[in-house]
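Trainee: Those protein sequence lines, which keep their order, are chains A and B.
Taken in order, the first sequence gives residues 13 to 501; the numbers are from our numbering.
Taken in order, the second sequence gives residues 108 to 440; the numbers are from our numbering.
The reader is advised that the hints may include incorrect statements.
[Claimed, not checked] Derived lysine to aspartate or glutamate pairs resembling EDC-like cross-links, with alpha carbons at most 16 Å apart:
| id | chain 1 | residue 1 | chain 2 | residue 2 |
| --- | --- | --- | --- | --- |
| 1 | A | Lys498 | B | Asp201 |
| 2 | A | Lys309 | A | Asp383 |
| 3 | B | Lys132 | A | Asp398 |
| 4 | B | Lys196 | A | Asp501 |
| 5 | B | Lys196 | A | Asp398 |
| 6 | A | Lys231 | A | Asp193 |
| 7 | B | Lys196 | B | Glu129 |
| 8 | A | Lys488 | A | Glu178 |
| 9 | A | Lys488 | A | Asp173 |
| 10 | A | Lys231 | A | Asp189 |
| 11 | A | Lys240 | A | Asp222 |
| 12 | B | Lys366 | B | Asp341 |
| 13 | A | Lys358 | A | Asp154 |
| 14 | A | Lys68 | A | Glu164 |
| 15 | A | Lys285 | B | Glu329 |
| 16 | A | Lys443 | A | Asp398 |
| 17 | A | Lys196 | B | Glu329 |
| 18 | B | Lys132 | A | Asp397 |
| 19 | A | Lys309 | A | Asp380 |
| 20 | B | Lys139 | A | Asp397 |
| 21 | A | Lys309 | A | Asp82 |
| 22 | B | Lys139 | B | Glu129 |
| 23 | A | Lys277 | B | Asp382 |
| 24 | A | Lys498 | A | Glu186 |
| 25 | B | Lys139 | A | Asp398 |
| 26 | A | Lys196 | B | Glu293 |
These are computed hints drawn from the structure, not numbers from a lab.
For reference, the chains in residue letters:
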Amino acid sequence: MIIQRNYSPSALPKGTDVAELTSRIIGPLTLLIERSGIDRDNGQGLRVHLDWIQYKTSFRDPVVVRRAVDQQEQPLPLAEISIDLRQAAAPSFNDYLTNAVDALKGNRPSEGHAPFFLDTFKPWRDSIIWPFNRLFWQQLGDWEAYAKRGFEAALPSGGSDANHPEAVMEGVVEFWDLLHDLEKRGNLPHDIYAMEIGVGSGARARLWLDRFQAYDAEKGSGYYPRLKFLLGDYSPATLDTALAAVGPHAPLCSVIPIDATNPFKVLSFLRFKILFVHLTNVYDNLTFDEIARRDNKLYIVEVRPYVSAASAEQLKAEFGFGTAELPGAIKRLLAYGPESVGDHEKGMAFWTRVWDVLRLEERLRAIDEGDDAHLPNGVSRSPLDDVLSEVPHDIRFHLSRGAAESFVNTAALLHPRGYLQVQDIFVTSIKDYVHGFRGPGKLDGSFVTWVNGAFLHAVGARAGYHVNFAPFTHRKGSKTQILYTKRRD
Amino acid sequence: MSSLPPLPTTVIGSYSMPVWLERAKNDFLQRKVSRHDLDDMYDSARKAAVKDQEVAGIDIISDGELHRDNMIDYFAERIPGVQVDHGSKRLYYDFYDSVVRSKLATGSLGLLDEARFLRRFSQRASKISISGPHALVKRIRNDFYPSEEAFALDLARVMNFEVRELVREGVTHLQIDEPYYSGFPEDLPWAIKAVNALVDGVSAHVTLHICYGNRYGKPSFEGTYRYLFPKVLDAHVQALSLEFARRGEDDLQLFKEFKVPFTLAMGVVDVKTHDVESAGLIADRVRRALNVIPAEKLMINPDCGLVHLPREVAFNKLSAMADGARMVREGLK
Chain A
13 MIIQRNYSPS ALPKGTDVAE LTSRIIGPLT LLIERSGIDR DNGQGLRVHL
63 DWIQYKTSFR DPVVVRRAVD QQEQPLPLAE ISIDLRQAAA PSFNDYLTNA
113 VDALKGNRPS EGHAPFFLDT FKPWRDSIIW PFNRLFWQQL GDWEAYAKRG
163 FEAALPSGGS DANHPEAVME GVVEFWDLLH DLEKRGNLPH DIYAMEIGVG
213 SGARARLWLD RFQAYDAEKG SGYYPRLKFL LGDYSPATLD TALAAVGPHA
263 PLCSVIPIDA TNPFKVLSFL RFKILFVHLT NVYDNLTFDE IARRDNKLYI
313 VEVRPYVSAA SAEQLKAEFG FGTAELPGAI KRLLAYGPES VGDHEKGMAF
363 WTRVWDVLRL EERLRAIDEG DDAHLPNGVS RSPLDDVLSE VPHDIRFHLS
413 RGAAESFVNT AALLHPRGYL QVQDIFVTSI KDYVHGFRGP GKLDGSFVTW
463 VNGAFLHAVG ARAGYHVNFA PFTHRKGSKT QILYTKRRD
Chain B
108 MSSLPPLPTT VIGSYSMPVW LERAKNDFLQ RKVSRHDLDD MYDSARKAAV
158 KDQEVAGIDI ISDGELHRDN MIDYFAERIP GVQVDHGSKR LYYDFYDSVV
208 RSKLATGSLG LLDEARFLRR FSQRASKISI SGPHALVKRI RNDFYPSEEA
258 FALDLARVMN FEVRELVREG VTHLQIDEPY YSGFPEDLPW AIKAVNALVD
308 GVSAHVTLHI CYGNRYGKPS FEGTYRYLFP KVLDAHVQAL SLEFARRGED
358 DLQLFKEFKV PFTLAMGVVD VKTHDVESAG LIADRVRRAL NVIPAEKLMI
408 NPDCGLVHLP REVAFNKLSA MADGARMVRE GLK
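Please construct the entire structure, taking both the sequences and the accompanying hints into account.
Mentor: Now the structure itself:
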């Protein structure tokens, strides 16, 4: 048995006696494993991962089993048990331990205890969380009204760092300095293009425009009237809200329905023209995969959605959908919205309840390292090779495909002196993945996951940019980092 | 250019860099690939580049420059007296840290091998591209010369020997690449002086290529070519190679306004997009240039090197360019 600690003690909540917690788990687990003989049968050694999932809610039960398969989905000897220490106080925690060992032994759950699977195994990028995510952003207003709180209240910090006035002002000054420098060199274009992708409520754009207008007036530079500010988002409803929010600046603004992973597709006519692009909390909600390296072999993490037997029973009792009807009801919900499963109230209750009880089983599927199918579009395998060359250990990390595609397809729009700033939760060194489980966590109806900054660094280098990160210093305890780009010479 | 057709087509120099060769170059830097094996790969890649250009119908070809890491390091490593820190880069396309701390000596730059390679493997007219003194001065740290101008002039002196050797070897077409003029227009007086020192006594068709940069397939600067005039008219060259496909053709009027005596090697292929131009579009661009410049003073080429384009895209662009030029030639008869 190989025990891997995927947390940094210093990152745990104050007062957590991690030694006591761990010993309380490892003792019974060792006993169960010894009795079962599974470790003896496993030539590669059973791996036990001790995680601390930093999100209050996630897609994982307290103890999960992760098996490995080859490319043809045939079982491989590699198997893992992952334990979320954060959930170790759950009342039936020991049952989870026992069930995990039983599962690895090949014992089926007893009658009435088997989880109910909603789909087959798929990589994260194709998993069920995406239609849920899409529905959430499409019907955000309905969710917020039902939950009686705005979505930002569900963020770990209880709010977004996007709208911090000092941070916005800092950005305004930096942008003005660039314009001023270009003007001194006689290179300032007549039309000054700037863009915000993922405008949300429009509050940040409004604040930025207010501050820029004031600063420009103070300096007497006359840049503000030449500004062409693009509000980009994939939701037309959000764009309407944002346009209303920018108020008096609206004549300078254009709303652009945009896929954040490929702004170039819509805006190719602005190639090499945009001087500044900003995104906040967008990358963490774009498609991703997870790659695991075990014994120098690469696997992609695949997930299979399920609800526990108890949850399935509850759903049947509350909404009348038994296991025969449940997959169809969820499919309708995701395709047509909550009203497709009943009246609005029932539909909303069903939506929130299903999201609450949704769990994802994980497995590791071997990938052919010579095959580029798992790579983001437009990104060669070289950045991934760069990242992997830095970590000799077994590791599990994000392949932030959506973020990488977004980066490459946004950089293509930048003016030679233009830059990109992204405020998000980045894992800035690949080695940090060794010290923490960074998988996705649930938010209200949506999810959040860390973004592989080290991978973006490598992607940026190949696209001609230095990618650097700096902590967001305007709120104490913020986990947000700011990605800055600078053209490589 | 007597054996060439009207509106001869050419390339700027670099051809599509295969991903496998990029990886091998990076592996070489990390000592995972030997010099011998890398040279072997270069040989195959350059032959393929030559063949692609021939099949595409290019009149004046290059060897694809696939053995060059970038336009600076290839020369920095060869110019006697430039000290290169070979541990200073991990990615081949990056620049080495290089410095000059004493007066440059003269010596071979290895360009003769390029010329011999081209003559051995192709019957086509060919050209050799040389990074200009201004570009080299902007990237090689100067710890010796009193000014950038002095450094550039001495670089030109050293490189002039090699250029003369190239001509003795039978090279008829040379190109000097200067992608940084557009970012430093104030340097133009001494930069042109350095070009003239570089081509002093050289009896070949010399093209001065001035673009807006193509690092990582992106422009380094923006603006118009107006800053070049009239100073650039002092250059002792036969042709100016300028980019028009990506930027539009407004600056063609500068040739009329300043009665430019040079041939225009006109960029008609946008090398910063994977979209392949049609032959018709190329022909239209050439015809618009013919409204300003006589056919005997016009050559056709891409805006810049093709190094950042996938091979299929690069090949199709060159084919379209050759077809477009052919279409216009038909109309000239």
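Trainee: Confirm or reject each hint.
Mentor: Consistency of the hints with the structure:
1. A:Lys498 - B:Asp201: Given pair Lys498 (chain A), Asp201 (chain B) holds - Cα atoms ~14 Å apart, limit 16 Å.
2. A:Lys309 - A:Asp383: holds (14 Å)
3. B:Lys132 - A:Asp398: Roughly 14 Å between the alpha carbons, so the hint for Lys132 (chain B) and Asp398 (chain A) holds.
4. B:Lys196 - A:Asp501: Given pair Lys196 (chain B), Asp501 (chain A) holds - Cα atoms ~13 Å apart, limit 16 Å.
5. B:Lys196 - A:Asp398: Holds, at roughly 14 Å.
6. A:Lys231 - A:Asp193: Holds: Lys231 (chain A) and Asp193 (chain A) sit about 14 Å apart, inside 16 Å.
7. B:Lys196 - B:Glu129: Status holds; Cα separation ~14 Å.
8. A:Lys488 - A:Glu178: Cα-Cα ~13 Å, so holds.
9. A:Lys488 - A:Asp173: The hint holds at about 11 Å.
10. A:Lys231 - A:Asp189: holds (11 Å)
11. A:Lys240 - A:Asp222: Roughly 14 Å separates the two Cα atoms, so the pair holds.
12. B:Lys366 - B:Asp341: Holds - the C-alpha atoms of Asp341 (chain B) and Lys366 (chain B) are around 13 Å apart, at most 16 Å.
13. A:Lys358 - A:Asp154: holds (13 Å)
14. A:Lys68 - A:Glu164: Holds, at about 15 Å.
15. A:Lys285 - B:Glu329: holds (9 Å)
16. A:Lys443 - A:Asp398: holds (13 Å)
17. A:Lys196 - B:Glu329: Holds - the C-alpha atoms of Glu329 (chain B) and Lys196 (chain A) are around 14 Å apart, at most 16 Å.
18. B:Lys132 - A:Asp397: holds (14 Å)
19. A:Lys309 - A:Asp380: Distance of about 9 Å is within 16 Å: holds.
20. B:Lys139 - A:Asp397: holds (14 Å)
21. A:Lys309 - A:Asp82: Measuring from Cα to Cα gives roughly 11 Å; hence the hint holds.
22. B:Lys139 - B:Glu129: Holds, at roughly 13 Å.
23. A:Lys277 - B:Asp382: Given that 16 Å is the threshold and the Cα spacing comes to 13 Å, the pair holds.
24. A:Lys498 - A:Glu186: holds (13 Å)
25. B:Lys139 - A:Asp398: holds (14 Å)
26. A:Lys196 - B:Glu293: holds (13 Å)
Hint compliance for this structure: every hint is met.
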